[in-house]
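Each chain, written out:
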Amino acid sequence: MKRKATIDLLHQQYLQKLTKEKRWIRFWQFFIFISFFILWEIASRQTWIDQLIFSSPTKIFDLFVEKLLDGSLLSNLFITVFETVLGFILGTMLGTMLAALLWWSPKLSNILDPYLVILNAMPKVALGPIFIVVLGPGLTSIIAMGTIISVIITTIVVYTSFKEVDQNYLKVLQTFGATKKQMFMEAILPSSFPTIISTLKVNVGLSWVGVIVGEFLVSAKGLGYLIIYGFQVFNFNLVLLSLAIIAVFATIMYQIVELIEKKLIKNQ
Amino acid sequence: MPFFIIDHVSHTYFTKDSTTTAVEDIHLEMEEGEFISFLGPSGCGKTTLLSIMAGLIEPTEGKIILNGKQIKGATPAVGYMLQQDYLFPWKTIEENILIGLKLLNQLGEEQKKRTIQLLHDMGLKHVEKLYPNQLSGGMRQRAALVRTLSTNPKMLLLDEPFSALDFQTKLKLEDLVFSKIKEYQKTACLVTHDIGEAIAMSDRIVLLSRRPGKITKIFSVPEELRSLTPFKTRQHPKFHSLFELIWKELEQHETKSNH
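From first to last, the protein sequence lines are chains A and B.
Going by the numbering used here, the first sequence wraps up at 500, each residue one higher than the last.
Going by the numbering used here, the second sequence wraps up at 296, each residue one higher than the last.
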């Protein structure tokens, strides 16, 4: 009895220690966050840094409120988020489909191998001008940029994962006379789900790059457009505001994908 | 005519810089309901042989005949159980054991009920909705056996199904599998490197040599051992004399192939 009481006590102490440590970490994270903005504000007011270029948190916040009220911020934000979400979903889906095609036909995969290497090595954003000419300077081109940037790497990663599926799982299905399609649906695809989801996480980041660069080039709407516009009229309040919003929403999207990942692959 | 014939089967694998003969001129005839064990060291081509018997690999020479018909390609008449359970981790036990029927498009209510009943017969109750990683090794292997039996094969191929289990579980499972195979009147073929297991389970024991796999000798297990369960067989005096006989035979080949 006495022994149990001591163990309980020790466990309590251990838990307390854990909470305390966690609190310290949270404190420091918060502290860095706040002091960064305070320092920035002070540095700007005391003109230690150039106000024109580095702006200040209060000025950016004022602009944020102003743009929020006149509605222009939300519409631009909505467009960029829409393009990005579509871009990374399309990129992941097309990449997975291409990978399936390569898995289906080893011959095709052997033939296409060098082309995949070239396409993967090439900086996809350099294709931007071509997209704009072919697809027109609008939403379609930007979504295409957000897609193309992730599709090849997704193909390569997912195809590798398809090939690494334990052959014995396929053997089990073969003994029941499974067709190639059945093997794909029952073993190959589900066992590669974790890989596909994790490419989704990478693709969120990539699609932001594609979409922002696309908006730079098309220069009509979206957060990328706000950045390039702010740069051209030398309004760095606008540039920094757009950057801050991109940071927030890219993080949110990443977290959402991570949540989906946890839900989907509970049992593996 | 015998029920199952391995008719002078040889198989050679080709790679860019070599050819490897895995099995050479294997000829064996099995009666219906018979239990045969292939006993051999690693590298005796046992997995190749089973894959050929299951119709998954076409042998370079020879053929497999089941019930008078040549086997070409995988057939539900032959059930193949692998060394590990290979239950799909993302499927529940129920989905796992029904996969064969689903693939063969035979998943009717009656078939489903029969397979679930089979699961209960194996002593697995209330596990249908669980995932494989929630089960112990022995339970998983039993579920894998149910999956193999679900399509009602006439011939069972067992590729070291007990080798990944701890000794106690292995002995218990041997008894269970032995009695179920007799109960359902299956013809079975077990591959193992455990002499005791081969004697305990089978009617005949086929010794294979290493690379290429060839039949070196066939032992008949005495009548009085055949009807006993594996656990009881292991305690029978005749078990030990047969064990020694096979041991010596294996030793002889070992030394022969090393010189």
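Treat the hints with caution; some may be incorrect.
[As the list claims (entries may be wrong)] Estimated spans, in silico, between C-beta atoms of each pair:
(1) A:K339 x B:K285: 50 to 56 Å
(2) A:I257 x B:F204: 47 to 53 Å
(3) A:F259 x B:P126: 36 to 42 Å
(4) A:V349 x B:R247: 38 to 44 Å
(5) A:K249 x B:F204: 42 to 48 Å
(6) B:K100 x A:L344: 36 to 42 Å
(7) B:S79 x A:V349: 36 to 42 Å
(8) B:T57 x A:K339: 21 to 27 Å
(9) B:P126 x A:V349: 29 to 35 Å
(10) B:P126 x A:T483: 27 to 33 Å
(11) A:K254 x B:S79: 49 to 55 Å
[Stated by the list, open to error] As a list, the in silico DSS-like pairs of lysine-lysine whose alpha-carbon atoms are at most 30 Å apart:
(12) A:K395 x A:K453
(13) B:K209 x A:K413
(14) A:K339 x B:K53
(15) A:K413 x B:K166
(16) A:K494 x B:K166
(17) A:K412 x B:K207
(18) B:K191 x A:K413
(19) B:K139 x A:K395
(20) B:K219 x A:K412
(21) A:K412 x B:K254
No lab work stands behind these hints, which were simulated from the structure alone.
Glycine is no exception: its CB is placed at the ideal position from the N, C-alpha and C atoms.
Violations among the numbered hints: 12, 13, 17, 20, 21
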